[in-house]
Amino acid sequence: MSGALTRFLDGDVWHCFKRSPLAMASALVAFICVFCAAFAGLVAPHNPTDLASLELADALVPPAWLPEGQAKYLLGTDAQGRDILSALMYGTRISLLVGMASVLVSMVVGVGLGLVAGFVGGRTDAFIMRVCDVMLSFPAILVALLVDGVGRALFPTAHDTLAFVVLIVAISLTGWVQYARTVRGSTLVERNKEYVLAARVIGVTPLRIMRRHVLPNVLGPVTVLATIQVASAILIEATLSFLGVGMPVTSPSLGTLIRVGNDFLLSGEWWITIFPGAVLVMIALSVNLLGDWLRDALNPRLR
Amino acid sequence: MLAFVLRRLVQAVIVMLAVAFIAFMLFQYVGDPVTNLLGQDATPAQREQLRADLGLDKPFPLQFARFVGNALQGEFGMSLRQGRKVSALFAERFPATLELSLVAAVLALLLGIPMGVYAALRRGSFTAQVLMTLSLLGVSLPTFLIGILLILVFAVLLQWLPSFGRGELVDIGGWTTGFFSMDGWKHLVLPAITLAVFQLTLIMRLVRAEMLEVLRTDFIRFARARGLPDRVVYFGHALKNTLVPVITITGLQLGSLIAFSIITEQVFQWPGMGLLFIQAVTFADIPVMAAYLCVIALVFVSINLVVDLLYFVVDPRLRAELAGKAH
Amino acid sequence: MTQALLEVKNLRVEFPSRHGTVLALDDISFSIQPGEILGVVGESGAGKSLTGAAIIGLLDPPGRVAAGEIRFEGRRIDNLSYEEMRKLRGRHIGAIFQDPLTSLNPLYTVGRQLTETIRTHLPLSAAQARERAIALLQETGISAAAQRFDQYPHQFSGGMRQRVVIALALAANPKLIVADEPTTALDVSVQAQIISLLKRLCKEHGAAVMLITHDMGVIAETCDRVAVMYAGRVAEIGPVQAMIHAPAHPYTVGLMGAIPAMNEDRESLLQIDGAMPRLNAIPSGCAFNPRCPHVMPRCRNERPELLGAGPTRAACWLHDASGAT
Numbered sequence: 001m002s003g004a005l006t007r008f009l010d011g012d013v014w015h016c017f018k019r020s021p022l023a024m025a026s027a028l029v030a031f032i033c034v035f036c037a038a039f040a041g042l043v044a045p046h047n048p049t050d051l052a053s054l055e056l057a058d059a060l061v062p063p064a065w066l067p068e069g070q071a072k073y074l075l076g077t078d079a080q081g082r083d084i085l086s087a088l089m090y091g092t093r094i095s096l097l098v099g100m101a102s103v104l105v106s107m108v109v110g111v112g113l114g115l116v117a118g119f120v121g122g123r124t125d126a127f128i129m130r131v132c133d134v135m136l137s138f139p140a141i142l143v144a145l146l147v148d149g150v151g152r153a154l155f156p157t158a159h160d161t162l163a164f165v166v167l168i169v170a171i172s173l174t175g176w177v178q179y180a181r182t183v184r185g186s187t188l189v190e191r192n193k194e195y196v197l198a199a200r201v202i203g204v205t206p207l208r209i210m211r212r213h214v215l216p217n218v219l220g221p222v223t224v225l226a227t228i229q230v231a232s233a234i235l236i237e238a239t240l241s242f243l244g245v246g247m248p249v250t251s252p253s254l255g256t257l258i259r260v261g262n263d264f265l266l267s268g269e270w271w272i273t274i275f276p277g278a279v280l281v282m283i284a285l286s287v288n289l290l291g292d293w294l295r296d297a298l299n300p301r302l303r
Numbered sequence: 001m002l003a004f005v006l007r008r009l010v011q012a013v014i015v016m017l018a019v020a021f022i023a024f025m026l027f028q029y030v031g032d033p034v035t036n037l038l039g040q041d042a043t044p045a046q047r048e049q050l051r052a053d054l055g056l057d058k059p060f061p062l063q064f065a066r067f068v069g070n071a072l073q074g075e076f077g078m079s080l081r082q083g084r085k086v087s088a089l090f091a092e093r094f095p096a097t098l099e100l101s102l103v104a105a106v107l108a109l110l111l112g113i114p115m116g117v118y119a120a121l122r123r124g125s126f127t128a129q130v131l132m133t134l135s136l137l138g139v140s141l142p143t144f145l146i147g148i149l150l151i152l153v154f155a156v157l158l159q160w161l162p163s164f165g166r167g168e169l170v171d172i173g174g175w176t177t178g179f180f181s182m183d184g185w186k187h188l189v190l191p192a193i194t195l196a197v198f199q200l201t202l203i204m205r206l207v208r209a210e211m212l213e214v215l216r217t218d219f220i221r222f223a224r225a226r227g228l229p230d231r232v233v234y235f236g237h238a239l240k241n242t243l244v245p246v247i248t249i250t251g252l253q254l255g256s257l258i259a260f261s262i263i264t265e266q267v268f269q270w271p272g273m274g275l276l277f278i279q280a281v282t283f284a285d286i287p288v289m290a291a292y293l294c295v296i297a298l299v300f301v302s303i304n305l306v307v308d309l310l311y312f313v314v315d316p317r318l319r320a321e322l323a324g325k326a327h
Numbered sequence: 001m002t003q004a005l006l007e008v009k010n011l012r013v014e015f016p017s018r019h020g021t022v023l024a025l026d027d028i029s030f031s032i033q034p035g036e037i038l039g040v041v042g043e044s045g046a047g048k049s050l051t052g053a054a055i056i057g058l059l060d061p062p063g064r065v066a067a068g069e070i071r072f073e074g075r076r077i078d079n080l081s082y083e084e085m086r087k088l089r090g091r092h093i094g095a096i097f098q099d100p101l102t103s104l105n106p107l108y109t110v111g112r113q114l115t116e117t118i119r120t121h122l123p124l125s126a127a128q129a130r131e132r133a134i135a136l137l138q139e140t141g142i143s144a145a146a147q148r149f150d151q152y153p154h155q156f157s158g159g160m161r162q163r164v165v166i167a168l169a170l171a172a173n174p175k176l177i178v179a180d181e182p183t184t185a186l187d188v189s190v191q192a193q194i195i196s197l198l199k200r201l202c203k204e205h206g207a208a209v210m211l212i213t214h215d216m217g218v219i220a221e222t223c224d225r226v227a228v229m230y231a232g233r234v235a236e237i238g239p240v241q242a243m244i245h246a247p248a249h250p251y252t253v254g255l256m257g258a259i260p261a262m263n264e265d266r267e268s269l270l271q272i273d274g275a276m277p278r279l280n281a282i283p284s285g286c287a288f289n290p291r292c293p294h295v296m297p298r299c300r301n302e303r304p305e306l307l308g309a310g311p312t313r314a315a316c317w318l319h320d321a322s323g324a325t
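Residue numbers (the numbering used here), protein chains in the order written: chain D, 1 to 303; chain X, 1 to 327; chain U, 1 to 325.
Treat the hints with care, since some could be wrong.
[Stated by the list, open to error] One-sided excerpt, in silico: chain U residues whose CB lies under 8 Å from chain X: (1) Leu58; (2) Thr102; (3) His154; (4) Leu168.
Simulated from the structure, these hints should not be mistaken for laboratory data. Think of the CB as a built atom: it goes at the ideal place given N, C-alpha and C, for glycine as much as any other residue.
All chains, please: the whole structure from these sequences, using the hints.
Written as structure tokens, this is what we have:
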């Protein structure tokens, strides 16, 4: 393990990272967000989920630096007296959880299907690729909306608690195709090589071949894909929540917070919607920057 | 050539059937098809009658065939939420979505392509870097947030532009358009920009990436080696080769325009098909959802077909390849 | 003595990179007379293509000319601006690259690419340019040139495409053509045709050629003089016949020896032991010294200049008239 670490630190990727202030800044921002989200219980000044601690008298307080603001509520409060800053941290946690979980699921499904398609070939391959083509022509939001809608229709009463799962399923369904295609391509290339043929002749199982030879090759592109997809998964979740079909108000993600705050925009209480929006953008931006930088760093042709 | 078109048509039909199948499953098995068709206010007698008429005891393929037959005639039942025929609702709302998407698409293309070309040719310059950073922002800003920000700035703070609805409309033979009134255009501005941003960003990045690829090819090097001036190399050779894949990918992206119009219509309460769909999802209004799925699939499949044909027209290699196969 | 058409003096090309600066061409000197065909031969990585690129001013960044001069018709061209160099390219110095498939824009007809080039350099009308283009196509041996004019590159075979490329290079009648491996990507049967075509046309148009290749057979057939490159340096330069039959530099001797002869009976091919050093690991002194069968102590310390060795000039201390070791 330490050998791998030393190799990494000596390698090109780390070197490029040290030389790119943008990459380092984005990594820092992303890290702070993840930290706050993970340890929201410890870091947040208030607990917005504890209904008993809310004071209605403190509702709709503007951010601390404005004339009517209070230092206690740094970024102001919402219509029920919830501290925006704390709500942000808890909301970020949910947004990140959904985002990362979806990417994980789509990665597993996509890589798996790609391996199968590439290795088994023939009709299975053709079928999987057809499905990929069709799915690619449908934009992610649409697919997610549809799955979400079906989920709602199927489980009308239990929906609030199931929202989390339905969301993850919906978003992962939109992302797996890219992985499948990339991995299938690499598998096809490797499968035709002679050493694979030789390995099969002496009885090495296809699974082992795929694990030892194909997977290391695709690790790079898959990592880049995953990073960029985390950003897009978070945004899709936020969009779904904003549209009212995502995370409910009882366990709000950033998107839900924006939706709730939107109602107050026209009457001047802008902070309820703008701050969650800003955090959302920050996360998406830093993850996208990291993903972009990673792609350039791993692309040998650009060096 | 004909064989190619036929093959693509067959593929399109297969995809449509698959989508219709999914829609049918939704229609039949999620919720009650009788309610889907008659609405919630039907009497028990009407329901029984319909159940017998529909032959819900008949075999599956027959029911599917009936569904497809109905769909081809535009009959998708009644909206559970609004109690009106789905087809009527769609017809009413289609112009709104189309006009919005059209304006946004034009905007995205007119701005995106030149920006992408500039970012590629003047790579590394300050303006190019600003453009690339802005493009990253464009990809990281969710569409709804852009809409909210625009509303905040232009409708709430500056009060220059309206923040919801279509404004004054002109009815031309059933098609309500906002193009013929100043008010209609004012209402179009903010939603169109919101919808266009994501597209614009994608087009710009795509054009830039393609152009950079093309600029590294041997034939560009050879063109330079022949002493051709920069203008000819960039805007003659490089641009033409760049636009071929860009055209096709952009065409395919038109589909995402439709998807994002859902969000934009929600933010601006724009009375189009997207808003209808969102309301349907929120209320589990199955008939509308199923119908929307079919209509959207039709639009996508048609766009894909047109794009494939366009590719043909633009790239001489494909024409020859198929001519060769025909012999 | 007539003025050399092209003179390269002490040319150094370097590539600054993250790991330090790599010297790709180290003190190259040679000249080309008007109308002569100079071959530049060497292994992959010896620097042949780079020399060609430096001459036409199309070094891929971050490569750059660090020192030395390149003179064309007496005038320095290595320090010209891109625009000034562009005016020379095509009109006075032409180029042919290796892969004819990728050298032509697939979306333009062959005729369009020709007339475009012609009209960039010569004040001809569209009709005149078209006539000239068709004539060029005919000259390069493409039959039915008038019909071919309106066809796309993918409709030509590999050899035909290279003929088109040659036509393009000759379109504005340049005095020097830099041909970088013009036959390497072609079928063997086509190679001979293309090479003889190139030779004939250049003689007819009075153009000199810098023929870059790794194929000694092509050199022997075509060139008047040849320069052998090794590890970014010129090892030997001289008339072709002398180089083949009486090579002076041990590397050249090894090269010539490695070519199997038709009338020999051998069991294994001769080869030079070792391999050409990588550009960031060139030994001090003579770059060839680790592999040289005649190595002397001096070779490891001092880098030899091109010294007279009979009909050729070789960068080898063996030919130092003073006899020092």
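Minimum Cβ distance from His154/U to chain X below 8 Å? 5 Å, holds
So, Leu58/U near chain X? Judge it on the closest CB pair being under 8 Å. 6 Å, holds
Could you check if Leu168/U really has its C-beta closer than 8 Å to a C-beta on chain X? Check passed: Cβ of Leu168/U comes within 6 Å of chain X, closer than 8 Å.
Restraint: Thr102/U near chain X, CB-CB cut 8 Å. Satisfied or not? Holds, about 4 Å.
Hint check: no violations occur; every hint is consistent with the structure.
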